[in-house]
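Sequences are here, hints too, so could you generate the full structure?
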Amino acid sequence: MTAIAFFGATGGCANACLTYTLLNGYNARALVRTPSKLTTLLLSQPGITQEILSHQLEIIEGDATNVESITKTLITNSDPNSTPNGACTLVTSIISGIGGAPTMSFTKETECATIQMRMPALPHIELSNPHITEQTIRTLLAALARIASERFASFEAYREVAPRVTMISTTGNLPGNKDVPVLFRPMYSMLLPIPHADKLQMEKLLDKEVGLGHAGVLAAGVVVVRPSLLTGDHRVPACEGDEGGQGLGLEKVRVGTERDPAIGYTISRALVGEWIFEEIVKSGGGKWVGEKVTITS
Numbered sequence: 031m032t033a034i035a036f037f038g039a040t041g042g043c044a045n046a047c048l049t050y051t052l053l054n055g056y057n058a059r060a061l062v063r064t065p066s067k068l069t070t071l072l073l074s075q076p077g078i079t080q081e082i083l084s085h086q087l088e089i090i091e092g093d094a095t096n097v098e099s100i101t102k103t104l105i106t107n108s109d110p111n112s113t114p115n116g117a118c119t120l121v122t123s124i125i126s127g128i129g130g131a132p133t134m135s136f137t138k139e140t141e142c143a144t145i146q147m148r149m150p151a152l153p154h155i156e157l158s159n160p161h162i163t164e165q166t167i168r169t170l171l172a173a174l175a176r177i178a179s180e181r182f183a184s185f186e187a188y189r190e191v192a193p194r195v196t197m198i199s200t201t202g203n204l205p206g207n208k209d210v211p212v213l214f215r216p217m218y219s220m221l222l223p224i225p226h227a228d229k230l231q232m233e234k235l236l237d238k239e240v241g242l243g244h245a246g247v248l249a250a251g252v253v254v255v256r257p258s259l260l261t262g263d264h265r266v267p268a269c270e271g272d273e274g275g276q277g278l279g280l281e282k283v284r285v286g287t288e289r290d291p292a293i294g295y296t297i298s299r300a301l302v303g304e305w306i307f308e309e310i311v312k313s314g315g316g317k318w319v320g321e322k323v324t325i326t327s
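31 is the number of the first residue of the sequence shown in my numbering; add one for each residue after it.
Honestly, I wouldn't trust all of these hints.
[What the hints assert, rightly or not] Pair ranges (Cβ atoms, derived):
{"no.": "1", "residue 1": "A187", "residue 2": "M220", "range": "48 to 54 Å"}
{"no.": "2", "residue 1": "P216", "residue 2": "A183", "range": "53 to 59 Å"}
{"no.": "3", "residue 1": "A187", "residue 2": "P216", "range": "48 to 54 Å"}
{"no.": "4", "residue 1": "T70", "residue 2": "Y295", "range": "26 to 32 Å"}
{"no.": "5", "residue 1": "A268", "residue 2": "A183", "range": "44 to 50 Å"}
{"no.": "6", "residue 1": "S219", "residue 2": "Q80", "range": "31 to 37 Å"}
{"no.": "7", "residue 1": "N159", "residue 2": "A183", "range": "33 to 39 Å"}
{"no.": "8", "residue 1": "M217", "residue 2": "S179", "range": "42 to 48 Å"}
{"no.": "9", "residue 1": "T119", "residue 2": "K312", "range": "18 to 24 Å"}
[As the list claims (entries may be wrong)] Calculated cross-link-like contacts (lysine-lysine; reagent style DSBU-like; alpha-carbon spacing at most 35 Å):
{"no.": "10", "residue 1": "K67", "residue 2": "K282"}
{"no.": "11", "residue 1": "K234", "residue 2": "K102"}
{"no.": "12", "residue 1": "K102", "residue 2": "K208"}
{"no.": "13", "residue 1": "K234", "residue 2": "K317"}
{"no.": "14", "residue 1": "K234", "residue 2": "K67"}
{"no.": "15", "residue 1": "K312", "residue 2": "K282"}
{"no.": "16", "residue 1": "K312", "residue 2": "K208"}
{"no.": "17", "residue 1": "K238", "residue 2": "K317"}
{"no.": "18", "residue 1": "K208", "residue 2": "K317"}
{"no.": "19", "residue 1": "K312", "residue 2": "K238"}
{"no.": "20", "residue 1": "K238", "residue 2": "K208"}
{"no.": "21", "residue 1": "K102", "residue 2": "K317"}
{"no.": "22", "residue 1": "K67", "residue 2": "K317"}
{"no.": "23", "residue 1": "K238", "residue 2": "K102"}
{"no.": "24", "residue 1": "K234", "residue 2": "K282"}
{"no.": "25", "residue 1": "K312", "residue 2": "K102"}
{"no.": "26", "residue 1": "K282", "residue 2": "K208"}
{"no.": "27", "residue 1": "K282", "residue 2": "K317"}
{"no.": "28", "residue 1": "K312", "residue 2": "K67"}
{"no.": "29", "residue 1": "K234", "residue 2": "K208"}
{"no.": "30", "residue 1": "K238", "residue 2": "K282"}
{"no.": "31", "residue 1": "K67", "residue 2": "K102"}
For the record, the hints were derived by calculation from the structure and aren't laboratory data. Note that CB positions come from ideal geometry on N, CA and C, so glycine has one too.
Quick look at the structure:
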């Protein structure tokens, strides 16, 4: 049976998407540093039981900046080292909500190379790892390249089963923050330059790889999801009598692309996860391949 790979599954958007994925009977594989944290978060979701986790989810303990960890997550049939150049079954789709843990800061590092100190600054968001999204993409591309060269008889054979990649990014990456409301633009420019720089670099790496065409490892295509300012936590709404809990709020979502972005103030993490499930996991995501999709409510 096919499986969906999740990175950053302890984050709100990806955790909500993983929840919908499991509730609707799909198999999933999640790479996390702390498996117990993911288990606790999922069991707090309406409808998720230990039986579902035992039968449908495989948790891989590791780091998304480690090639071996990502390789182990993407290959579904036993030990990836057990049959070199032999049969290899990959996940059908990769969904990543990787991002650094944010904190509010009122200081910044000096630009002086000889003196390391922090100076007072305007309030802004800093990340536990300001390059984590970029590093994850670099590692993912390296892992896919290794899998293609070591686990398949030819690159053409790899391309036939290459997984589709969906990355959760952010609005505010267009010049002048033109994809956010005018009233939000000063806040985005002042508070969020560090998180946005990481997401933007991630998008540039994906664009560069996609630009390689048939020589690149992203053969099934890439979807970049740019939600507006995120609200709420990981928990999806409870829904009685509705299979898998889907369809709870998608009528509220407005969708655009980089050419014609949907401009709005906020969207909940649970709603982002639901949209990704419906459009990427359930529907395959084909209509969004190559797009930078803005979603807001």
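(message) For K67 and K282, compute the direct alpha-carbon distance and say whether it is at most 35 Å.
(response) The given pair, whose Cα atoms are some 30 Å apart, holds under the 35 Å limit.
(request) Given the hint that K238 pairs with K317, test it: the Cα-Cα distance must not exceed 35 Å. (result) holds (21 Å)
(message) Quick check: does the Cβ-Cβ distance between T119 and K312 fall within 18 to 24 Å?
(response) holds (21 Å)
(message) Given the hinted pair K234 and K67, is their Cα-Cα distance within 35 Å?
(response) holds (31 Å)
(request) Mind checking the hinted window 48 to 54 Å against the Cβ distance between A187 and M220? (result) Since the Cβ atoms of A187 and M220 sit about 50 Å apart, the hinted range of 48 to 54 Å holds.
(request) Go ahead and decide if the range 26 to 32 Å is satisfied by the Cβ distance of T70 to Y295. (result) holds (31 Å)
(message) Please verify whether K312 and K102 have alpha carbons no more than 35 Å apart.
(response) Satisfied, since the Cα-Cα distance of roughly 24 Å is no more than 35 Å.
(message) Run the distance test for K238 versus K208: straight-line Cα separation, threshold 35 Å.
(response) With a Cα-Cα distance of about 23 Å, the restraint between K238 and K208 holds, given a limit of 35 Å.
(message) Taking the Cβ atom of A268 and the Cβ atom of A183, is their distance within the range 44 to 50 Å?
(response) holds (48 Å)
(message) Please verify whether K312 and K67 have alpha carbons no more than 35 Å apart.
(response) Holds. K312 to K67 sits at ~26 Å (cutoff 35 Å).
(request) For the pair we were handed, K238 and K102, check the Cα-Cα distance against 35 Å. (result) Holds - the C-alpha atoms of K102 and K238 are around 25 Å apart, at most 35 Å.
(message) Would the hint linking K282 and K317 be met if the CA-CA limit is 35 Å?
(response) Distance ~20 Å between K282 and K317 Cα, so the pair holds.
Hints 6, 12, counting from the list given before, are not met by this structure.
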